[in-house]
Amino acid sequence: MILSLLAQVGTEAPTPISAAPDAAAHVPGPSIYWPALLPLLVILVGGLLLLTFSSFLRKAAPRGIFATATVVIAAAAGLSALPLWAQVQGWSSLLWWDLHPDPVGPYTTVGGMVGVDGFTVFVTIVLCVAVAIAALLTDAYLRREQMEGPEFYVLMLLSAAGGIIMAMGNDLIVVFIGLETLSIAVYVLAGMHLRRVQSQESGIKYFVLGAFSSAFFLYGIALVYGATGSTNLVDIKDFMAQVVPTQNGLLLIGLALLVVGFGFKVAAVPFHAWSPDVYDGAPTPAVAWMASGVKAAAFAAMVRVLVLTFSNYGGTWKPIVYALAILSMVVGAVLAIVQSNVKRMLAYSSISHAGFILMAVEASSSQGNSAVLFYLTTYVFMVAGSFGIATIVGRRGDGRHSLADYKGLARTNPELAVAFTLLLLAQAGVPFTSGFFAKFYAVEAAVDAHSTPLAVIAMLSAVVSAFLYLRIIVAMFMAGGDDAAEGPVPSRADRIPLPVGATIALAVCVVATIGFGLFPDLLVSAAEKGQPALVQYERPAAASAPTAASTDGVPDVTGTGAGQ
Amino acid sequence: MGQYLPILAMLVLALIFAGVSRLVSQLLAPRRPSVPKAAPYECGIIPSHEPPERFPVKFFLVAMIFIIFDIEIIFLFPFATVFRELGGFGIGAIVIFSAAVFESFVYLISKGALDWGPVKRLQRSDIVSPGRTSASTVRRVGLEGREPAAAGEAA
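Respectively, the protein sequence lines represent chains A and B.
Everything in the first sequence is counted per the working numbering, starting at 1 for the first residue and increasing by one.
Everything in the second sequence is counted per the working numbering, starting at 1 for the first residue and increasing by one.
What the hints contain is simulated information worked out from the structure, not anything from laboratory work.
On a predicted model such as this, the values are computed, not experimentally measured, just so you know.
Where a beta carbon is used, it is the ideal one built from N, C-alpha and C, also for glycine.
Hints are not guaranteed to be accurate.
To be verified - When the alpha-carbon atoms are kept at most 25 Å apart in a straight line, the in silico DSS-like pairs for lysine-lysine are as follows: (1) Lys59/A with Lys58/B; (2) Lys59/A with Lys318/A; (3) Lys37/B with Lys111/B; (4) Lys111/B with Lys59/A.
Claimed, not checked - Derived Cβ-Cβ restraints for the label pairs, each shown as a range: (5) Val72/A with Ala18/B: 49 to 57 Å; (6) Leu27/B with Ile173/A: 43 to 51 Å; (7) Ala76/A with Gly2/B: 53 to 61 Å.
Sequences and hints are given; from them, build the entire structure.
Shown next as structure tokens:
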């Protein structure tokens with residue numbers, strides 16, 4: 001098939017050149033504002049260099065070198081996003097560094113393909129943090145499972161690069177490329193543990209279902225393109241502002257398919273069936289990345305596409321997201337209770353969390369957007385920390401994840417038990433933890449958007465899921481005691497060793513969870529400033545090409561600071 | 001909706017083709033079932049015993065190399081036809097792309113994709129005899145199920 005394709009290309013191609021020799025129209029390349037892509041480039045090139053470096057390494061790599069390199073790359077990417085943040089906010093200086101803000105406020109670059117706004121930059125930084133935490137957890141895990149090598153880290157970095165592309169995509173095609181880059185790396189990560197059958201199974205399951213949902217998403221893009229004549233988010237929005245969308249079946253189906261694609265990636269309920277199996281089988285540090293980073297990137301793209309682009313189509317997608325939110329919260333909370341495997345419990349609880357974030361998305365307001373950001377940030381720390389503890393408790397073979405394996409953890413590893421308790425309480429939404437404010441802002445956004453029933457259901461489901469977290473806490477602290485029936489009493493001798501990297505990661509997660517719970521203002525003000533915006537691409541004056549390739553048939557509206 | 005008529009026609013044609021193929025194979029195919037054919041993963045040879053759990057299938061690495069260069073070619077050919085129009089930007093983009101593709105080739109080589117011959121890096125295991133080389137492996141698999149295995153090669 002490929003050969004025939006090539007043959008076609010080969011035979012057809014000479015015609016235009018011979019028809020117009022040398023007078024062929026010069027296609028102008030898009031003007032690229034490189035600093036806007038810096039975080040993406042750092043993480044992408046960093047990942048590739050890491051792989052190259054390891055390929056030329058003749059001896060065994062020094063201990064922990066790959067994890068350190070990954071953390072450094074992620075930190076560099078995160079730091080390189082800070083000037084962007086200052087630029088988007090219109091600051092003239094960042095600490096002591098005097099900036100010369102060229103484009104102030106949100107802007108669009110690479111020919112209208114990439115949008116840079118507060119939301120994008122915020123999510124980029126969150127993704128970098130998630131990669132760093134997951135890399136720290138991975139280090140000791142790979143050594144324990146005898147899987148040492150750079151591949152795990154490289155895949156994680158590439159997947160993060162996909163996540164950043166997804167968050168900054170200003171065009172449905174770019175969003176799709178980001179989605180695929182993100183997903184394909186994660187499919188491999190899920191099947192990375194060669195000696196665990198469950199890992200292989202989860203890899204193939206995730207791949208088949210994920211590819212299926214990607215097809216849905218792509219079909220949605222095609223239909224939206226058919227209905228609006230563009231894949232550019234700004235152009236789609238402009239189209240819908242001009243044409244009164246009454247009976248556009250094509251657009252409706254396209255929108256519905258896009259929602260299916262996003263729903264799968266964030267594991268919202270009718271599309272959640274993969275998530276417990278995959279989370280259960282995949283290597284636990286990979287799950288920490290999957291649950292935190294992948295979800296954050298998917299929600300970022302979801303906000304850009306649904307809340308921003310289809311803002312005046314809210315009557316159509318809001319009820320769908322409303323239903324998804326209710327189903328996710330309720331089903332996630334209820335099914336989590338009947339599990340006996342902690343990784344599966346956490347998987348269902350992350351479905352329930354997705355429901356809360358969907359509730360904030362459904363509000364479709366600036367308040368809702370900042371609630372999404374706040375929730376995603378705190379959620380990254382909570383869930384990465386929780387799966388970090390599951391990584392350590394899983395022990396060699398990564399197989400000991402049943403609730404029984406957590407019995408008496410408070411006796412063997414009190415510090416682990418306390419950390420896990422704090423993270424679980426935060427997930428339950430107990431006051432003085434970041435989880436409380438995350439849920440609070442999401443509910444507040446829903447109430448302000450007059451979705452009171454949704455808010456009530458959210459609070460009820462939070463109560464239900466609190467039972468689940470308490471179940472784990474009870475197992476850790478109150479079991480394995482005097483009851484002879486429960487087997488031998490675990491003692492300090494059964495201590496699980498705490499690796500250095502994972503300890504650092506857990507400390508960061510716990511400190512962030514408690515810190516944002518005690519001083520939420522630090523994060524709230526940033527989340528409020530991190531608003532998404534759609535900006536019409538402004539062709540730079542210097543390269544005023546007569547034939548604009550990317551803005552065919554679109555009225556040349558320049559410099560409208562559109563958005564919310 | 002007239003413009004969507006071809007899609008409908010395609011759908012109908014696909015259904016007809018699938019139905020007719022199934023029907024024709026039902027009617028025309030000769031039916032001579034035998035045990036080897038009915039066995040799972042049939043290849044015409046009756047399996048005598050389970051193979052070792054894992055044995056190196058080096059060809060998948062060759063397939064990977066093939067895929068890598070296949071993908072590169074898929075992009076290089078169309079690029080070659082329009083590289084004049086694309087100018088410097090196109091060349092820059094294709095160089096970056098080729099570098100990234102070449103990187104994966106370097107990685108594959110470092111993983112031993114081109115190191116043929118006796119297996120060097122595998123750990124010793126009871127199910128695989130230590131004197132095994134690619135030649136003996138191929139011979140043994142080839143003879144399986146046709147005549148009794150040679151005395152020295154029992155796993």
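Hint consistency between Lys37/B and Lys111/B [alpha-carbon to alpha-carbon, up to 25 Å] = Violated: Lys37/B and Lys111/B sit about 38 Å apart, past 25 Å.
request  = Check the following: the C-beta atoms of Ala76/A and Gly2/B are separated by a distance inside 53 to 61 Å.
outcome  = Cβ of Ala76/A to Cβ of Gly2/B: about 56 Å, so the range 53 to 61 Å holds.
request  = Using the beta carbons of Val72/A and Ala18/B, state whether their distance is inside 49 to 57 Å or not.
outcome  = 55 Å Cβ-Cβ, so the 49 to 57 Å window holds.
ask   = Quick one, are Lys59/A and Lys58/B close enough, alpha carbons at most 25 Å?
value = Between Lys59/A and Lys58/B the Cα gap is close to 23 Å, so the pair holds against 25 Å.
task = Quickly compare the C-alpha distance for Lys111/B and Lys59/A to 25 Å and report which way the hint goes.
result = Holds, because 13 Å separates the two Cα atoms, which is no more than 25 Å.
request  = Using the beta carbons of Leu27/B and Ile173/A, state whether their distance is inside 43 to 51 Å or not.
outcome  = About 47 Å separates the Cβ atoms of Leu27/B and Ile173/A, which means 43 to 51 Å holds.
request  = Compare the distance between the alpha carbons of Lys59/A and Lys318/A with 25 Å, and conclude whether the hinted pair is satisfied.
outcome  = Answer violated: Lys59/A to Lys318/A is near 56 Å, above 25 Å.
The structure fails to meet hints 2, 3 from the earlier list, while all remaining hints are met.
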